[in-house]
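Given the structure of chain A, go ahead and fit chains B, C and D onto it with the hints provided.
4 protein chains.
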Amino acid sequence: MASREITYSVRVEFGDCDPARIVWFPNFFRWIDAASRHFFVECGVPPWHELAKSHGIIGTPLVDTHAKFIKTASYGDTLHIHASIAEWRGKSFVQRYRVTRDNPRGGSDLIMECDEVRIFAAQREGDVPGIRAVVAPEEIRRLCE
Amino acid sequence: MASREITYSVRVEFGDCDPARIVWFPNFFRWIDAASRHFFVECGVPPWHELAKSHGIIGTPLVDTHAKFIKTASYGDTLHIHASIAEWRGKSFVQRYRVTRDNPRGGSDLIMECDEVRIFAAQREGDVPGIRAVVAPEEIRRLCE
Amino acid sequence: MASREITYSVRVEFGDCDPARIVWFPNFFRWIDAASRHFFVECGVPPWHELAKSHGIIGTPLVDTHAKFIKTASYGDTLHIHASIAEWRGKSFVQRYRVTRDNPRGGSDLIMECDEVRIFAAQREGDVPGIRAVVAPEEIRRLCE
Amino acid sequence: MASREITYSVRVEFGDCDPARIVWFPNFFRWIDAASRHFFVECGVPPWHELAKSHGIIGTPLVDTHAKFIKTASYGDTLHIHASIAEWRGKSFVQRYRVTRDNPRGGSDLIMECDEVRIFAAQREGDVPGIRAVVAPEEIRRLCE
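Chains as they are written, first to last, in the working numbering: chain A, 44 to 188; chain B, 44 to 188; chain C, 44 to 188; chain D, 44 to 188.
In case anyone wonders, no lab produced these hints; they're calculated from the structure. In this text the structure is predicted, and so the values were computed from the model without any measurement. Heads up, some of the hints might be wrong.
Heads up, the list lumps identical chains together, so a pair's fine if it works in one copy or across two of them.
Simulated pairs of lysine to aspartate or glutamate, EDC-like, Cα-Cα distance not exceeding 16 angstroms [what the hints assert, rightly or not]:
(1) K111 <-> D152
(2) K111 <-> E93
(3) K96 <-> E168
(4) K134 <-> D107
(5) K111 <-> D158
(6) K111 <-> E188
(7) K114 <-> E156
(8) K134 <-> E181
Isolated chain A (complex conformation):
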C-alpha cells in the first residue's frame, strides 16, 4: 500500500556547485537525508531525540542507496524532493525520492531518482559507538500511511 508523499524544497546555492558549475553530487544526498527526516516530521512522527526517550530510536540510518542522476542542476534552481515509503520490511523500509525542477515552459523536469533502504536504529550498548536495527513501531507506520 502506498504511503503519503511529502515534498521538501531546496534552493541550490553557489557553494553547492563544483568547478563544472553543476551541483556537486554529495549535496543531493544531503538534501535527500533532510527530505527523509522531513517526511517523518510532516507525518507527525516525533523528533529523534524524543523517540530516543520513548522508543530508544535515534534515527533512520541508511543501509543501501541507489540513485540515478538524470539532469544536472545549478545555483538559482529550486528543487522539489518528493519522498514516500515504497515498502515496509521487517526491520527495514524502502524510502523513495524523486527530485524535480519546475520547467519554465510548463511541467517539471526529473533531475534524479533515489531508492534507499533504511532501518530504525537504536544505540548499541557499550563503549564502541554503534547502532542496531529495531522493528518499525506500528504507530509510526500508521502515521506514514
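Chains B, C and D alone, transformed into the frame defined by chain A:
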C-alpha cells in the same frame, strides 16, 4: 580486464559525524568522489582543467550510484578507500570502491561498498549550464590498466 | 548610508548537527554565504555567470570574516539570516549578518553575528587559478540601497 | 607562554571548490575545526567521548572566530594548517591557525590566518539541547605546552 586499484585514505573528523556519533552518510560520497579523482591522478591522468584544454573534458560526473553501508564509522577512525575501474563501456564506465578500516585485532573491516557509473563529460555549448558525455579517450583507458 | 536588509531563512537539519547535537559551526558559514548571494539576487543584481559576461565579475569572495556565536541551534530550528551592506569601500565592502531564531515565548533570539569583508572578483588571466579585486560597479551599489 | 604547534595537512579536492574553481571558504572552517581537534589529540588529550565520562567535557565549541583569506587555493593543492594555543583565559582560550601551501619555487605561501576563541563545553542539563562553558582542566593545559 581488471584495472589498477588505488587506495585513498581519510581521517574521520568530529564534524563528519551526526548526533548519533556516526559518520553522516553524505560524507562517504564526498570521500568517494575524492577517491575517484585520486584514482585518475595516481594513474597519471592530467587534472581536469588541463584535460579541458586538450580534450574538452571537465570531469567524470556520476550518472548512477549504488552503495551498501555495512559497518558504521566514527571520528578518530582512518578509512581506506580502494578504487578501481570494474568495466569500461562506450561513453561510460563503472568505478568500484571498497571502504575498509584496519581492525586493531588484525585484518580489516569492510565499512561500505559502492559501484558508480560515471561518464567523461564535456561542457555543453550555450547559456544553460550543462554537460554531455564523450567517449573515454583511449590514452586515458590505457593509463588506468 | 544604510543598505537594504534582506532575510534568508534556513531549516537546520539533522546532518547539520555534530555529536554534541548542535549545529557544526562551518554550516553557519555555508548559510551566510548563501545569504550573501541571496542579498544581491533580491536586490536585482544578475547572477554571477551573467555578470561574468557583462562585467567580468565571477563572484564576491571573502577576504576577512569575524563571527560571534551567541546561542546554539539544533535540528528542527528555523534560522533567519538578516543580511545588509554595512559599508562600501573602494574595491571591497562590508557585508553584515545577524542570525536569529523565533522564540516561542515571543520575540527572537540572536544566534550569531558576522561581519565580512568581500570583494567583487574577476578571474585572473593565465594558467594558475586565481582572482583579482575590481571596483564595485556603481549600478550594483545603487541596486543595494 | 607559547604552546606547542601541531600541523594538520589536507588535500584540496574538486568538490571543495566552487564554480570560480577556488576553495569555497566554509571548507576552510571544516579543516580548521579538524586541526583544532587534531591539536588536542596530538598533545595527548583523550577523545571527547572519553572526556565526557571523566570530566563531562563534550568538545571545544567556538564562540568567536576571525579569519583573513590571503591567497586562494584550488584542487590538487596540499594545505598545511599550523595550530597552536595563543592564550589561555578563564573558561576560554584562543586557538591560532596559519594555513600554508608549499611553493614549488621554495618556501611556502600563506593562504589564510585564523584566531578562534573556544571554550571547553559540558552538556547543559535538561531537555533543550545546549552547552555551558567549564574551566579548562589543568592537566589538559599542561599537555598542550
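**Asked** Which numbered conditions among the earlier hints are violated in the structure presented, ordered from lowest to highest?
**Response** Those not satisfied are hints 2 and 6.
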